[in-house]
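Join these two chains into a complex; the hints should help.
So the protein lines, in turn, are chains A and B. Take the first sequence: its position 6, counting from 1, is numbered 6 in the numbering used here, and each next residue is one higher. Take the second sequence: its position 377, counting from 1, is numbered 674 in the numbering used here, and each next residue is one higher.
These are calculated hints, taken from the structure and not from any lab test. Just so you know, even glycine gets a beta-carbon here, dropped at the ideal spot from N, CA and C. Treat the hints with caution; some may be incorrect.
If we take Cβ atoms under 8 Å as the criterion, some of the chain A residues that face chain B in the derived model are [claimed, not checked]:
1. Ser-67
2. Pro-133
3. Arg-196
4. Gly-243
5. Tyr-258
6. Gln-261
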Amino acid sequence: MAATKRPGRLLRNLNGKIAAVPMILTTLVVFLGGTLWTVLYSFTNSKLLPRTNFVGFDQYERLWASSRWNTSIENLLIYGVFSLVFTISVGFVLAVLMDQKIRFEDTFRTIMLYPFALSFIVTGLVWQWILNPEFGIQHIVRSMGWESFVFSPLTNPDLVLYGLLIAGLWQGTGFVMCIMLAGLRGIDEDIWKAARVDGIPAWKTYTIIIIPMMRPVFITTLVLVASGIIKLYDLVVAQTSGGPGTASQVPAMYVYDYMFQAQNLGQGFAASTMMLLSVLIVLIPWAYLEFGGKKHG
Amino acid sequence: MKTFKLATALAASVALPSIGLATELEVTHWWTSGGEAAAVAELAKAFDAAGDKWIDGAIAGGGGTARPIMISRITGGDPMGATQFNHGQQALELVEAGLMLDLTDVAEANNWKDIVYPPSLLDSCTVDGRIYCAPVNIHSPEWLWLSNKAYADAGIPVPTNWNEFVASAPALEAAGKIPLALGNQPWQSNLAFGAMTVAVAGLDVWKQVNVEKNMDVAAGAEMAAVFQAAADARKFAAKSNVQDWNQATNLVISGQAGGQIMGDWAQGEFQVAGQVAGTDYTCLPGLGLNAYLSTGGDAFYFPKLQDADKEAAQKRLAALMVSPEVQVAFNLKKGSLPIRGDIDLAAANDCMKKGLEILASGNLVPSGDQVWSPDVQKQNEDLMVEFWKSDMDPGAAHAQWVENLKSGL
Numbered sequence: 001m002a003a004t005k006r007p008g009r010l011l012r013n014l015n016g017k018i019a020a021v022p023m024i025l026t027t028l029v030v031f032l033g034g035t036l037w038t039v040l041y042s043f044t045n046s047k048l049l050p051r052t053n054f055v056g057f058d059q060y061e062r063l064w065a066s067s068r069w070n071t072s073i074e075n076l077l078i079y080g081v082f083s084l085v086f087t088i089s090v091g092f093v094l095a096v097l098m099d100q101k102i103r104f105e106d107t108f109r110t111i112m113l114y115p116f117a118l119s120f121i122v123t124g125l126v127w128q129w130i131l132n133p134e135f136g137i138q139h140i141v142r143s144m145g146w147e148s149f150v151f152s153p154l155t156n157p158d159l160v161l162y163g164l165l166i167a168g169l170w171q172g173t174g175f176v177m178c179i180m181l182a183g184l185r186g187i188d189e190d191i192w193k194a195a196r197v198d199g200i201p202a203w204k205t206y207t208i209i210i211i212p213m214m215r216p217v218f219i220t221t222l223v224l225v226a227s228g229i230i231k232l233y234d235l236v237v238a239q240t241s242g243g244p245g246t247a248s249q250v251p252a253m254y255v256y257d258y259m260f261q262a263q264n265l266g267q268g269f270a271a272s273t274m275m276l277l278s279v280l281i282v283l284i285p286w287a288y289l290e291f292g293g294k295k296h297g
Numbered sequence: 298m299k300t301f302k303l304a305t306a307l308a309a310s311v312a313l314p315s316i317g318l319a320t321e322l323e324v325t326h327w328w329t330s331g332g333e334a335a336a337v338a339e340l341a342k343a344f345d346a347a348g349d350k351w352i353d354g355a356i357a358g359g360g361g362t363a364r365p366i367m368i369s370r371i372t373g374g375d376p377m378g379a380t381q382f383n384h385g386q387q388a389l390e391l392v393e394a395g396l397m398l399d400l401t402d403v404a405e406a407n408n409w410k411d412i413v414y415p416p417s418l419l420d421s422c423t424v425d426g427r428i429y430c431a432p433v434n435i436h437s438p439e440w441l442w443l444s445n446k447a448y449a450d451a452g453i454p455v456p457t458n459w460n461e462f463v464a465s466a467p468a469l470e471a472a473g474k475i476p477l478a479l480g481n482q483p484w485q486s487n488l489a490f491g492a493m494t495v496a497v498a499g500l501d502v503w504k505q506v507n508v509e510k511n512m513d514v515a516a517g518a519e520m521a522a523v524f525q526a527a528a529d530a531r532k533f534a535a536k537s538n539v540q541d542w543n544q545a546t547n548l549v550i551s552g553q554a555g556g557q558i559m560g561d562w563a564q565g566e567f568q569v570a571g572q573v574a575g576t577d578y579t580c581l582p583g584l585g586l587n588a589y590l591s592t593g594g595d596a597f598y599f600p601k602l603q604d605a606d607k608e609a610a611q612k613r614l615a616a617l618m619v620s621p622e623v624q625v626a627f628n629l630k631k632g633s634l635p636i637r638g639d640i641d642l643a644a645a646n647d648c649m650k651k652g653l654e655i656l657a658s659g660n661l662v663p664s665g666d667q668v669w670s671p672d673v674q675k676q677n678e679d680l681m682v683e684f685w686k687s688d689m690d691p692g693a694a695h696a697q698w699v700e701n702l703k704s705g706l
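Just chain B, with the same shape it has in the complex (with noise of 0.2 Å):
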């Protein structure tokens, strides 16, 4: 379908050449779920509006399965005017073979040093001094969403926090219910052991780990702990037999799971399915013990064009994309936190408002994606989908995890 439309558009493009002075741009990313499809739609009417024209390039499948596209296209000699990335190491190399767009002069006509938040957005999109990308939202994975249907089933009250849940998963299961949903997609295991890192283990150690990559911390008794915790968590999960995010998600939906460790992107879900934050789920930052988040989330790099029109254009893209006009209405279809702290949305609901605070105190770290090269982040999805779904020895996936960090070092 989406193909179809994509040849309809270009077929309209042959059909009716340029209608003005209308500069038109591919732009391809991996956002075809409803609220996302929506959110897209907010920038491709900003950027029509300003007179260029968008063609929509969405890529069905997750960005595990974009990804490669866009990347063949760029390296093979057909890029795209504009094309979504995650925030972090995974355009790293297409910069540095020269092959996208250097944003420098758009970030300072438009001041993006001073007005990104957190700073670490545009640290990402940096490489030897030069800016590459336009942030456009962030995410963050950190979270834990629960079921009060499903509390209420079991006669209990609803947990506040990681140590909490813990604590009633035998309740739930003799309920009947499956106390954690997890999807058997590797990357959701990998994303529901960062988060219990930090929860578990704390702040200082995932930054140590992480970010000044210290591999004795890495291999010390904290992170021993976190596994040992894991390997007790994955047996909540052990009923829980589906596959992608958001039937796991689904599960804490209908009241079957008692709750699902997710980015902030499952809200979405709960808002299609018409439910409260407060009433009908809860959400708890950070697992609810430490709140913090981690700030991934999406940015658009510019391939090289050989053409100053499309150039021109795709620096007025980059500019609208962070403007605040821009960034208010993608974010509030999109349910993601805005990339800059002088704008006001008041129509967030309860949970992107929990982020909101977290995000102005200053609780960030920076996410998976920027500190680990997509090498790593796929070593370590292999390693925790399999941690999850057997009964792996603890120390061995601790042991495994040590070298699959320090091949990235």
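The shape of chain A in the complex, shown without the other chains (with noise of 0.2 Å):
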């Protein structure tokens, strides 16, 4: 194939480019295009209709007023922190238990991986049933006999979010076990067995060489629970509906009930453009950290 002439950087490739035209347009229109319409109409008075009628910060100065949203951020907050370490550190360490070479290592997997098949609507059910005061597990152990034990968080306003956790844990962990498994299956034999030449114990190896090896994995993972953390929604819904009380709320309910259930677009585009917003502060330093390390690298 010898080509008299190269062709120009524009025109290489020709098809694959014109293939992608349709996701770019998408990605121009749909995505760009939405979000920078919402953030637009988020300084408008907007009600049940978009309207172009400015109004400056006034919907973000009551967003940040509000009792609800700033609940809302804080459950988020604390939420989000355990969840981030429990199920990095969980997922890790099962993945390090499952690559010591077990039997039905198979099986283990796919129970292990089994809860991140169902959607977040069946978890926030289960757990529901699960922690329900009568039916759950306070009733079980009462009715062996300890008849003052009591488990309920979900009706509890101080204890509700560890309810969610728990059940978001069961959830995500599996998953993120995965993903490290298959990191520390990508760890070359050699760096195993010269570690344990130089007689350094299997927990020195992992913390001193494994962990520091595995940290695209580690990066990859921590966007992808982070970015669960922010939309969390559904399992909410399913699980408490935001209570006891306002005890369990979280920013993306707050954004749908603002749109359609107030019938304020205005707030609810405040409110989004602010989860936009957060988004972004943990897209950006791994955006940094990816792409902006390897030009050094």
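Written out as structure tokens, the structure reads:
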């Protein structure tokens, strides 16, 4: 295939570029266009229908004065920190245990990953029943004889977040474990042999050698888990509906309720813009670490 | 299941193109519980009998779920033939944007102005002097439902008003009962507070705040007393861990709870459970203190369609919904009050008759949906559910409540 003339950069692999046009248009118009439109209209006093009556930062002032929104943000922070720490650490420990050349690894892997195959709605409902004081754990323990046993996190405003967290961890940990396991399998066997020759204990090999080598895996997991946390909605709707009171509200529920139930688009848009901002806060450091770092390395 | 039925109905409508001259209208609503579905079937039957075709578009999950779907369909260019909303401001912007059919000629031909009672129902349908909706029923939220069994178990007489209820609460608690059943959904807390406002502060204060929108009264001592009373009442509901209103009603039916503040739709649950008003349960309209009712309820709106035949069918349906025969059949099944005073509901039970008496006496106020925008309503719901389900300071809640009302002025 002796080409007489190299095609220009723009025309190289033309078929591929034409095939990508619909997706690029979708991204530009639907995602980017929709995002910009939302941000623009968050500065208006739109009610049921979008209107271009600009009111500056009024919607944002009301948003941050709202006690429900502030509770939502606080809940998201608490849930987010616990969820990140526990899914990643528990997921990693499980992956390490799986990696010890155990028997029935496939079976265990399937069991661990199974919850991830359920939707959050199912997970939420299942755990709502398990944690229900009249039917779930509390009832079972009491019927075994411990009459004064109390375990009902979903009806206690101080504990309800941890009830959510249990369900979230149950669902998400298996998935993290699988990513981590893939990362561990990607480590060259020779490194282990070298460490063993040097007489380094296994736990030290993991903390000093393996974990630093798995940095990209950890960062990817972090981003996947973090973006899942910010858009947390269906689990809460199914498990607690934001209650008791407003104790387990999350930002995504505020957006939906104000856009559609309160018929106040401006307020909903302002809240969703704040959510976009928090996604960017997660994504920008990741993009910097992933793509910015390579130039130097 | 509903979607499946709808899909079958749609498929059937494609497979069997219009037999005769029947015009099909899709009607969306959120009436999916047993009694509600039976009531809708009455409307459908009457419409089909008149020679048109009712295509049922029930949306499960209550108004909060259904309204966004309805509004998206109307604004998104896929309007249905007719749709349910509550009386009031929920569809106001859709009307203002010119998306709804003007029913003024139907109203004039059928003399709605003279027959619809109370007239505030028709006022809620009126925008700039034109009528845009057909009211179908009246629901009032200010009822206290009491379990006779719970009081018999505790060995005390059934209270006859809210004050006696409050006084009897400790005895109920001692007998291992939950004095007040309250579901966790935000609107239920807001409803309970609204009912208590009239019971504790009285009708005048309620009207000054909600109708005349006097913010000085809203911030005043009378309302502070209501917040204090609600702060006391929330302790009675502390052990009530249920979510939906009908689960809370079930606590009353089974005698686990003493009472519940809930709208007259709760009556359907007592009926389904085979209970008899007066012997198994007691109902106190206006919490037994101020015998008044607020007249919210349901109305049907008709989105504009680009089809003259369908428009004629829409107007036929609107006239039909207000007609006396349909009003009687529909409201008996629904357990709600009719929107016209000139018909006889002899088959109504005791509680419904109490409601009819109050309606006839004219002790009526508009509902929250009629006087405040959905935005204010939602903010108050958020505030009330937080207030009722936590130990929030009554003073702080009061101040926030006034702010919420001011945002809707």
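- Message: Check the structure against each numbered hint from earlier and tell me which ones fail, lowest number first.
- Response: 3
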